[in-house]
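Following the hints, position chain B against chain A.
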Amino acid sequence: MASVSHPPWYVASRVLASTLGGYAFTWGFISLGAMLLFAAGMNLEEASSLSSMLGFLVLLWGFCWAFVAASLTRVWSVLAGGGVVMPAAGWGLSRALM
Amino acid sequence: MFPNFRLSMTWLHTWFGLLLGFVLMVAFFFGSLSVFDREIDRWAIPATRIEARPMPSFDTTLAPIFRTITDPDPDELAAAKTRVSQPLPDKLAVMTWSAFTTHRDPVLRMFVEFKVPNSPLPDDHIHGSITIDPRDGKQLPENRLAIGSEFFYPMHFSLHLNWADIGYWIVGFAALAMLAALVSGVVMHRKIFREFFTFRPNKKIQRSTLDLHNLSGVVALPFHFLWALSGLIIFAGLYFPVLGTMMRPLAAAQEKLEATQTGLDLEPSGTPGTLASVDGMVAEAKAMWVERGVPGEVGFLIVHHVGSSNAYVSVYRDNTDRVGGGPGLHFQGSTGKLIHEDPPEGAVSTVNSFLIGMHLQRFKHWTLRWLIFAGGILSSVCIVTGLVFFVEKRKRQHSEQRRSGARWADALAVTTVTGMVVATLAILVANRLLPEELAQRDLWEKSTFWAAWALCLVHAIWRSSAVLKARTSPAWAEQCWAIVVLAIGAVLLNAVTTGDHLFKTLSEGYWPVAGTDLMMLACAALAAIAARRLQRRATAAARAVDQDSELREVRHA
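Protein sequence lines, in the order shown, are assigned to chains A and B.
Everything in the first sequence is counted per our numbering, starting at 1 for the first residue and increasing by one.
Everything in the second sequence is counted per our numbering, starting at 99 for the first residue and increasing by one.
It is worth saying that the hints were derived from the structure and are not from the lab.
A short, non-exhaustive set of chain B residues, derived as facing chain A with CB atoms under 10 Å:
id, residue
1, 101
2, 107
3, 281
4, 344
5, 348
6, 453
Beyond 10 Å from chain B on every Cβ pair, some chain A residues (computed):
id, residue
7, 40
8, 74
9, 77
Derived DMTMM-like pairs: lysine to aspartate or glutamate, alpha-carbon spacing no greater than 25 Å straight-line:
id, chain 1, residue 1, chain 2, residue 2
10, B, 462, B, 231
11, B, 354, A, 46
12, B, 301, B, 644
13, B, 544, B, 173
14, B, 213, B, 174
15, B, 354, A, 45
We put the beta carbon where it would ideally sit given N, CA and C, even for glycine.
Same shape as in the complex, but just chain A (with noise of 0.2 Å):
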């Protein structure tokens, strides 16, 4: 561990993602997941019981992904981007689905 040192921004900045960019990816997930669901016919307690359920292993591969992928940009696009894009399309199905 100790033969690699990285500047104290470029940790913070993965743990950031892991933790802040995490969260966001799993709320998208939830919320799209629940609303996919729900379109297709289960009652909407039981689908966002189970987007929850797997939300939280989402958001246990986000943390520990975070870490480990090569490319510090490509954590962030791909957290903050589905972390964006996700609960918006969510949002607009729960809309539509009115």
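Chain B alone, transformed into the frame defined by chain A:
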């Protein structure tokens, strides 16, 4: 982050494990104690050392008591005042009455929900609650703290930090770190099957600690993972309130649609109404359970829209024979007729309530309950040994480089391991020593807990200077001796102040108190063994250093 996958995972394991290991220790240790929260309650409130009993009559016992609960909890009321746009009225409208009991509860907890008007939150409400002795309906004195269910249990998921739910978020983040530590731990150690069988207690501390860390991690791997995960799932609505915020309009429309289908109104009608015999509804519910081959007692009972013409009563079985929940039966308040029965759970809800049910253990299965307790203790062992290994691995190097990192990690580890046990025993000792009629006795008990823990922190920091010289901090052994004294003291104080000494409780088979006493004695014995071993090792190390310097002197001469 690092050129290879395993190095990145190791970094993650080490640093998040250290940072959140202290929180995880609190969550898993108090979580383990919460498996026996009702039993600890019995130890702490001697007046309730009676057999568990079923829900008493609603009509004759509970209803008159519910009418006397007119005020919400003062803390909740104060918090509600800060979030409303207009001043709250003197008396808040009552929304629901409910009572909850389990097969381990000799006392009954009764709750009232009060509506918070003009709040930005949907369905905003606060609670009032009392605990009664179901034999005579008398309220337990308010200054009695149920140390198990009201102090240790909330500690394990909220740390008692309630401002902005910050404690829940810290514990939630720690649970995520636990999951990540398990994944990275498996990645780091490829010889995982061999580690199952490897423990070399007589090697150097660093080696034996790592063995025990791996062993406890691997042997209960599914437990560690599932309990951290289900803990998160229980609070999914808090961590990811998707339906409550972003999708509120859709969720509200769905609730409305469902209400028209089930006939269970979401809002009170606005016209007053009377309540038919709830005992009659309970009798009907029990008859239905018998008919279906699942006879049982009532676990939870709730009256919605209290005092309104569209009030309804929901009755739930106590489900002592299953892990998950069961469907509720809903009766019309005014007529007592069954209006709706929850449909059988779908696949998703079954999985969800199984995960939550395992975590909450409302079932009656003592072997499984003890296994879950053992799982929690193994998780604690895994976390402690991780923290100790962190220090052992670094203390020599840090000492040579004159760095203090290992010292601080060690001081915090002492505080969250032995210090936490000291604080736990201190609150039990205070519970037996404080005068019965002391005003705010519960507050004194809690303060003793925090004071004892703070004292342990100060002591651990003071004594940890030894780590700077690459030695083991004497605080470990010293706090172990404090545990021995407090644990034996608590058992003796219980015998003296209540007369329920071990010979009596064991011969009568009264396990809540006998079990708590025996666990404390076991804890004292373990702490004594640990303290003696630590001190013997320290003496041996000191002798080695002396011989070393003597040799050097001889050479110099």
